[in-house]
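Peer 1: Each chain is listed here by its residues.
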Amino acid sequence: MSGTASVRIANASFSYPGGKAGIFDLSLDIAPGELVVCIGPSGCGKTTLLKMIAGFLPCASGRVLLDGEDVTGVAVRERQCGIVFQSYALFPHMRVWENVAYPLRVRDVPISERQRRAEEMLDLVGLGGYGMRLPSELSGGQQQRVALARALVFKPRVLLLDEPLSALDAATRLSMRDEIRRIQKQQNIASLLITHDQDEALSLADRIAILREGRLVQVAAPKSMYDKPADAFVASFIGRANLLDGTVVGPHAVDTPIGRIATIEHALPGGAAVRLLVRPEKIVPVRIDADASPGENNFAVRVLHDRFFGASREIELSVGQGLLKIDTASREDITHVHVPRDAVQFLPTH
Amino acid sequence: MLSRWVTVAYLAYLGLPIALLFTGSFGDLWLNTLLPTGATFRWYREVAADPSFRRAFSTSLSVAVATSVACLAVGLPLAYAVYRTQSAKLRAAARVLYQLPVALPPLVLAFGFILVFSSDTLPWLGSIWLLIAGHIVLCLPYFLQTVVADMQRLGLRALEDAAESLGSSAPQRFMHIVVPALRHSVLSGLIVVTALSIGEFQFSNLVSGFLNRTYPVVLLQAFYGATGFACAATVILLLLALAASFSAAYSARGAARASVAGA
Chain B
18 MSGTASVRIA NASFSYPGGK AGIFDLSLDI APGELVVCIG PSGCGKTTLL KMIAGFLPCA
78 SGRVLLDGED VTGVAVRERQ CGIVFQSYAL FPHMRVWENV AYPLRVRDVP ISERQRRAEE
138 MLDLVGLGGY GMRLPSELSG GQQQRVALAR ALVFKPRVLL LDEPLSALDA ATRLSMRDEI
198 RRIQKQQNIA SLLITHDQDE ALSLADRIAI LREGRLVQVA APKSMYDKPA DAFVASFIGR
258 ANLLDGTVVG PHAVDTPIGR IATIEHALPG GAAVRLLVRP EKIVPVRIDA DASPGENNFA
318 VRVLHDRFFG ASREIELSVG QGLLKIDTAS REDITHVHVP RDAVQFLPTH
Chain F
467 MLSRWVTVAY LAYLGLPIAL LFTGSFGDLW LNTLLPTGAT FRWYREVAAD PSFRRAFSTS
527 LSVAVATSVA CLAVGLPLAY AVYRTQSAKL RAAARVLYQL PVALPPLVLA FGFILVFSSD
587 TLPWLGSIWL LIAGHIVLCL PYFLQTVVAD MQRLGLRALE DAAESLGSSA PQRFMHIVVP
647 ALRHSVLSGL IVVTALSIGE FQFSNLVSGF LNRTYPVVLL QAFYGATGFA CAATVILLLL
707 ALAASFSAAY SARGAARASV AGA
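Protein chains in written order, with this note's numbering: chain B, 18 to 367; chain F, 467 to 729.
I should point out that these hints are in silico values taken from the structure, not numbers from a laboratory. Keep in mind it's a predicted model, so treat the numbers as computed, not measured. C-beta: ideal position from N, C-alpha, C; glycine also. Not one of these hints is a red herring.
Quick list of simulated restraints, FRET-style, between CB atoms:
#, chain 1, residue 1, chain 2, residue 2, range
1, F, F712, B, K37, 54 to 60 Å
2, B, K37, F, A636, 31 to 37 Å
3, F, P637, B, E130, 20 to 26 Å
4, F, R550, B, K172, 26 to 32 Å
5, B, M149, F, A636, 27 to 33 Å
6, F, A624, B, E333, 38 to 44 Å
7, F, Q552, B, V266, 53 to 59 Å
8, B, K37, F, S593, 55 to 61 Å
9, F, V568, B, D214, 43 to 49 Å
10, B, I128, F, L487, 53 to 59 Å
11, B, G35, F, I580, 44 to 50 Å
Using the sequences and the hints given, assemble the complete structure.
Peer 2: Below is the structure:
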């Protein structure tokens, strides 16, 4: 297992002078061909982590291994990391093909081969025939493709992408997201992508790594991270979440601000403080006659906000003493909702 | 409509004295008339033959070239250091320090030089090296301004980081990235320095020695003599300054084009 990882970060730490910011005792493996998306709030250390792998920042302790080789003290230019910078950082005075061929030029590859391999890479990223243009003559999405081609042309050990889509407009961002995934799969290269966009993380990643204040909170595949978040922070950072603080009143029941909720069986003692997670799309609107008794986990609600998105509605509800967010396709007025028993998850309280 | 007339009036105001200088430089006799009478080239011949003007012309050129070379040698590393400094405070302090000569009248610098360099320990007043040193202080801010602004516009730091990650060594980064990316702004900065140095009067008038007076300093003396001679001498300075400005504007346009590519 340890021998096969393309990237291995072992107990690495780095702290900025004076501040509390940095990376603290972080360990993460990236398997060959795997795309790990690192996500977290701004200032959580995402970019610091990338710079430590690339060698722009030293490890105060711990090690970085690429393809099994310890590169902890190795200079940036000898680490062979392909990096796509947020600003693209294309060389403005070089033509597109010269930009792509630059890593080969500093490796003394003969010029005819440089041209051939640059053309190949440009074809791969869908920019065949653009070689003689200057970067300034390309759109943002095209510049991004050039940056990707340049980062891959020298067969690096790992591809590092620093918020590659943040400078693009919304439409280009979606298509570039698919392009990055396609090219990364085609090249079968271990990759780390930094982002603060949860949709990007969920749709691109083989695994998501959530970073908070320099520490990894959870590393998991997108589906399992969404379905089984490690704590309330992850639950609210990946996807939308209803978090309810409550008190255990029985083996199947918790009292919360919205009322008593029936849960799946748990082993917690009565009186214990718990935090419950219910995803908004799991809550279903129901019709209940005014004189009928509400029934288990059905709650009378008052609508606070109702946002219509065409295919769905995001509604904020006032329930008892608390609030609930729900996502629904229903067009009906909402008077009651049902919270299915198995949609209620227990999260650790901090 | 009004703005057009204002423009025309301003251009006339700007151009008329220069046109008169031109006319006067070719006029044979100019005494108590609106325009000179007679046409001649003899004033140019006389200026060209005058030993003190010949000397001043070559002094001015040497000082300008030396100042430019020094600004390049000192200014480029300095600009780079200012740009790469991590601390925002240090960067602001450096900027205030190197912009100071722009705000100070050259006269103040000249008095300072006279006080310090007429002492027994540092008796260098009147040497050409002191003249060059003063021109460097006066011209360097404009060079730094141009080059640092271009570094910021290009995002030179990110370009260098990118090159480094792609396997480029420090000398390679300097030759492949830094120099070519900055070539337009360095060139236009140098031409501005040359033009400023050639035209500088206040400082040079007080600090230059009798044997290495610069062209503008000698020019002042000419106005005590024949009008045609003074006009011809002035036109020569004017042409020199215009040549420098035009090439500065031309290379600045190139720099603007290159920085669009970096955006």
